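If you read the sequences in order, they're chains A and B.
Oh and the first sequence: position 60 is 60 in my numbering, straight run, nothing missing.
Oh and the second sequence: position 439 is 439 in my numbering, straight run, nothing missing.
Among the clues, some could well be false.
In silico EDC-like pairs for lysine to aspartate or glutamate, Cα to Cα no more than 20 Å straight-line [what the hints assert, rightly or not]:
{"#": "1", "chain 1": "A", "residue 1": "Lys-25", "chain 2": "B", "residue 2": "Asp-216"}
{"#": "2", "chain 1": "A", "residue 1": "Lys-77", "chain 2": "A", "residue 2": "Asp-10"}
{"#": "3", "chain 1": "A", "residue 1": "Lys-109", "chain 2": "A", "residue 2": "Glu-149"}
{"#": "4", "chain 1": "A", "residue 1": "Lys-18", "chain 2": "B", "residue 2": "Glu-529"}
{"#": "5", "chain 1": "A", "residue 1": "Lys-109", "chain 2": "A", "residue 2": "Glu-94"}
{"#": "6", "chain 1": "B", "residue 1": "Lys-136", "chain 2": "A", "residue 2": "Asp-124"}
{"#": "7", "chain 1": "B", "residue 1": "Lys-167", "chain 2": "A", "residue 2": "Asp-10"}
{"#": "8", "chain 1": "B", "residue 1": "Lys-411", "chain 2": "B", "residue 2": "Glu-499"}
{"#": "9", "chain 1": "A", "residue 1": "Lys-18", "chain 2": "B", "residue 2": "Glu-218"}
{"#": "10", "chain 1": "B", "residue 1": "Lys-136", "chain 2": "B", "residue 2": "Glu-117"}
{"#": "11", "chain 1": "B", "residue 1": "Lys-136", "chain 2": "B", "residue 2": "Asp-216"}
{"#": "12", "chain 1": "A", "residue 1": "Lys-63", "chain 2": "B", "residue 2": "Asp-216"}
{"#": "13", "chain 1": "A", "residue 1": "Lys-114", "chain 2": "A", "residue 2": "Asp-182"}
{"#": "14", "chain 1": "A", "residue 1": "Lys-109", "chain 2": "B", "residue 2": "Asp-528"}
{"#": "15", "chain 1": "A", "residue 1": "Lys-18", "chain 2": "B", "residue 2": "Glu-214"}
{"#": "16", "chain 1": "A", "residue 1": "Lys-4", "chain 2": "B", "residue 2": "Glu-173"}
{"#": "17", "chain 1": "A", "residue 1": "Lys-63", "chain 2": "B", "residue 2": "Glu-218"}
{"#": "18", "chain 1": "B", "residue 1": "Lys-259", "chain 2": "B", "residue 2": "Glu-532"}
{"#": "19", "chain 1": "A", "residue 1": "Lys-18", "chain 2": "B", "residue 2": "Asp-528"}
{"#": "20", "chain 1": "A", "residue 1": "Lys-4", "chain 2": "B", "residue 2": "Asp-528"}
{"#": "21", "chain 1": "A", "residue 1": "Lys-4", "chain 2": "B", "residue 2": "Asp-459"}
{"#": "22", "chain 1": "B", "residue 1": "Lys-136", "chain 2": "B", "residue 2": "Glu-214"}
{"#": "23", "chain 1": "A", "residue 1": "Lys-4", "chain 2": "B", "residue 2": "Glu-532"}
{"#": "24", "chain 1": "A", "residue 1": "Lys-63", "chain 2": "A", "residue 2": "Asp-124"}
{"#": "25", "chain 1": "B", "residue 1": "Lys-259", "chain 2": "A", "residue 2": "Glu-94"}
{"#": "26", "chain 1": "A", "residue 1": "Lys-63", "chain 2": "B", "residue 2": "Glu-214"}
{"#": "27", "chain 1": "B", "residue 1": "Lys-170", "chain 2": "A", "residue 2": "Asp-10"}
{"#": "28", "chain 1": "A", "residue 1": "Lys-109", "chain 2": "A", "residue 2": "Glu-61"}
{"#": "29", "chain 1": "A", "residue 1": "Lys-114", "chain 2": "A", "residue 2": "Asp-181"}
Hints are computed from structural coordinates only; laboratory data are not their basis.
Source: prediction; values computed, not measured.
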Amino acid sequence: MLTKVHTGLDPVPGIWWKPAHRAEKVWVAIAFAWCMVLFAMMPLWHWKGGQNPSGVRTRVEPKAFLARTQAFANQYKVDTDRGVPVVAPPPGSEVYLTAMTYQWYPILKLVNGKTYRLHLSALDVNHGFSLYPVNVNLQIVPGYDYALEVTPNATGDFRIICNEFCGIGHHTMVGRVIVTDDAGNTLSDNRSARLGGVP
Amino acid sequence: MPSAFRTCPATGRRIHLGAELLVKANAVVAVVSLLIGAIAALLLVLTRWQAVHLLPAEWYYRILGVHGMNMLIFFIIYFEMAVLWFCCTALLNSRPAAPRLGWVSFGLMFAGAALVEWMQWSGRADVLFTSYPPLKADPLFYLGVILFAVGALTVVGLFFATLVIAKREKTYEGSVPLVVYGAITAAIIAVITLLHGALIYIPTFLWSLGIIPEVDPEIYRMIWWGLGHSSQQINVAAMVAVWYMLAGLTVGGVVLNEKVSRSAFVLYVLFISMASAHHLLVDPGFGPAWKIVNTSYFMYMAVLASMIHGFTVPAGMELGMRLRGYTDGLFGWLRRAPWGDPGFSGMVLSVIIFGFVGGITGVTIGTEQINIIAHNTLRIPGHFHATVVSGTAMAFMAATYYLLPLVFRRKVAFWGAARWQPYLFSLGMLLLSMGMTFAGSFGVPRRHWDISFSQAPFDVQFNPAVDLVLAVMGIGGIMAVTGALLFIAIAVKSVFFGEPVGEWKTGTYVPGIPPGITNPPVHAANVDEINERLHGGRGFPGPTPGTMVLVFVFLGAFMVYYFTNWKLLSQLWRLG
Ligand SMILES: [Cu+2]
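One chain only, chain A, in its complex shape:
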């Protein structure tokens, strides 16, 4: 028996818990199955996929993290650009990057195809790590060390844009990452890197 025809503005007399038509049941079932796919893709990508925002996460004193970054920069410094050290750590090593208003410290020089563990944290307020034009975006929170294994897949001269509001000079906060080939060539052909894509 169907409920008496009524709109959403009318009170419903009697019991409204009545069986739905098959068409509705089918749609609910299909929608539910799709929701299960939406869920399953996430664990599946941890297992089979190459891009996961997991990493190793620990608490850290902001000043201690900056000191660790400075020690790292002094250890592997190869050059200076606009007053910022250019640092070339060996593949497989721990790499440190500190965000502070309004600077990314230091400049990193990595080798294509090699894996590093990149530690990210902030000295003062929240910042946003946005690797351009690769389009990797991560939240940087002061007091938290976010350590992710990264493996570049193209050579080039990349930028780090701050994409979390951090103060009045936020839009001037740009850093640099250089990826060379095995021979150390800094062939900076960003055209070969992806220039962004479809939504």
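Based on the hints, put chain B with the ligand in the right spot on chain A.
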């Protein structure tokens, strides 16, 4: 003593005059907030459109905060307060509980909003909408938010008290209408949301006074988004309730099955409590298990709920039209619908853009790994302008075209313009959302004054296509703001200088009064018989084959967009 009630000549409902005054006051302040927010929007869009770049940096960030608070908090919540008062009194023929306390809470909200405006405009709260510590604002800013939230929470309490009164005084028979049921879910979510707000703004207020040494920035983000995202779920529930209301008023849209629609509302309540997780997917404070579980609870039941409403609302309209004799073909009911009624067109545009743009992009970028290519880019505002603005705000505007004659008893001013306002506003918002979404997919950041990076130490060259999509965003934004200002002009003129609705003959067309009121979509006396016939013997597509086609088109678009994003993600550096 004069009666506290009047009888609505259009709907025959008993309307309490005191409650009506509360609806009016909240709606008027909502429109004022909308005006401030819309002017801010115009300034922002003309700044982000890099070719124009209007505001200086300091004012860009300041106005961005003003825009966020006015649109997402003041406009939306004031309007929701009006919706709550309307649903628990007018729709249930009831008197309001403690109307004096209703005015006290209205005053509290007003004082809170005024404090926030003062702090923001005077540059003492340049912390944007989210106010993430350790960025610090003047204590009065946090105090303003707290006052506003306490006021809103009190109104929600009065809403529940009014429901009890209506039940006890038997002002209606049976169960509350579906629209009120939707409003109840919105109110329950509002309680959860506002408690999160208290939980985080009170310590932050104390911290700004120097009483507490620090607020953990990651814990702040988690609890703050319990307010920030859950409040969007209030909007969704209220918006869906408005969809059902307008479907009934404009085309005689029916409720296909109360069990299905009400269960979907319950899913909203049960599955949103940690919706904040969507905002922390690439944060350092939480592990993958926490992120996956709290975005989906293994099942994405809140998404399921929206997909159910996405079917039942159009299907209810289709069946309502078919029951009234518009039975030709798959889409005859759509062709014959009242597209010149802004209450109808606005509601339909809200359903379409909310679902196809807002919904699909939201679920996709809210996926743990896909968030890597979306977090804090312009894709995020691209998504939520399609949900909150094209969806919720458009639905509220459409509802206003009916509230003006029904509650304010005024004709809709500038009727000719009102008829195309929804199209202008929606098209503008659609262009804005698409422009932002595409720009974001090229890596253009949100909340950023200067993407030419003229003052940065290293140059950044965006893909030339970015100029084009930002122009689309700019033009769309200007169209949408024009549509919003037009709406405000219509609302203000109608309320303060409008022509009284007067008398009309049922079945006639009266300029200034939506046709759903002067020529209501009534069903024939033997409608239940016709309904049985439409339900029987049609096999799988059921009584609403047109909607069945539409939802499968939706599902197809969803799948294509979702898997395209996985494909793009797979091309990134390896990361883990
Ligand atoms: Cu920054």
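Hint by hint, here is what the structure shows:
1. A:Lys-25 x B:Asp-216: Measuring from Cα to Cα gives roughly 46 Å; hence the hint is violated.
2. A:Lys-77 x A:Asp-10: 74 Å, violated
3. A:Lys-109 x A:Glu-149: Answer holds: Lys-109 (chain A) to Glu-149 (chain A) is near 15 Å, not above 20 Å.
4. A:Lys-18 x B:Glu-529: Holds - the C-alpha atoms of Glu-529 (chain B) and Lys-18 (chain A) are around 18 Å apart, at most 20 Å.
5. A:Lys-109 x A:Glu-94: Holds - the C-alpha atoms of Glu-94 (chain A) and Lys-109 (chain A) are around 13 Å apart, at most 20 Å.
6. B:Lys-136 x A:Asp-124: 12 Å, holds
7. B:Lys-167 x A:Asp-10: 15 Å, holds
8. B:Lys-411 x B:Glu-499: Distance of about 6 Å is within 20 Å: holds.
9. A:Lys-18 x B:Glu-218: 46 Å, violated
10. B:Lys-136 x B:Glu-117: 16 Å, holds
11. B:Lys-136 x B:Asp-216: 13 Å, holds
12. A:Lys-63 x B:Asp-216: Holds. Lys-63 (chain A) to Asp-216 (chain B) sits at ~16 Å (cutoff 20 Å).
13. A:Lys-114 x A:Asp-182: Answer holds: Lys-114 (chain A) to Asp-182 (chain A) is near 9 Å, not above 20 Å.
14. A:Lys-109 x B:Asp-528: Violated, at about 74 Å.
15. A:Lys-18 x B:Glu-214: Violated, at about 54 Å.
16. A:Lys-4 x B:Glu-173: 14 Å, holds
17. A:Lys-63 x B:Glu-218: Holds, because 17 Å separates the two Cα atoms, which is no more than 20 Å.
18. B:Lys-259 x B:Glu-532: Within the cut-off at roughly 18 Å; holds.
19. A:Lys-18 x B:Asp-528: 15 Å, holds
20. A:Lys-4 x B:Asp-528: Cα-Cα ~6 Å, so holds.
21. A:Lys-4 x B:Asp-459: Judged against 20 Å, a Cα distance of about 67 Å means the pair is violated.
22. B:Lys-136 x B:Glu-214: 11 Å, holds
23. A:Lys-4 x B:Glu-532: 10 Å, holds
24. A:Lys-63 x A:Asp-124: Answer holds: Lys-63 (chain A) to Asp-124 (chain A) is near 9 Å, not above 20 Å.
25. B:Lys-259 x A:Glu-94: With Cα atoms ~57 Å apart, Lys-259 (chain B) and Glu-94 (chain A) exceed 20 Å; violated.
26. A:Lys-63 x B:Glu-214: Given that 20 Å is the threshold and the Cα spacing comes to 16 Å, the pair holds.
27. B:Lys-170 x A:Asp-10: At roughly 15 Å apart (the allowed maximum being 20 Å), Asp-10 (chain A) and Lys-170 (chain B) satisfy the hint.
28. A:Lys-109 x A:Glu-61: 26 Å, violated
29. A:Lys-114 x A:Asp-181: 10 Å, holds
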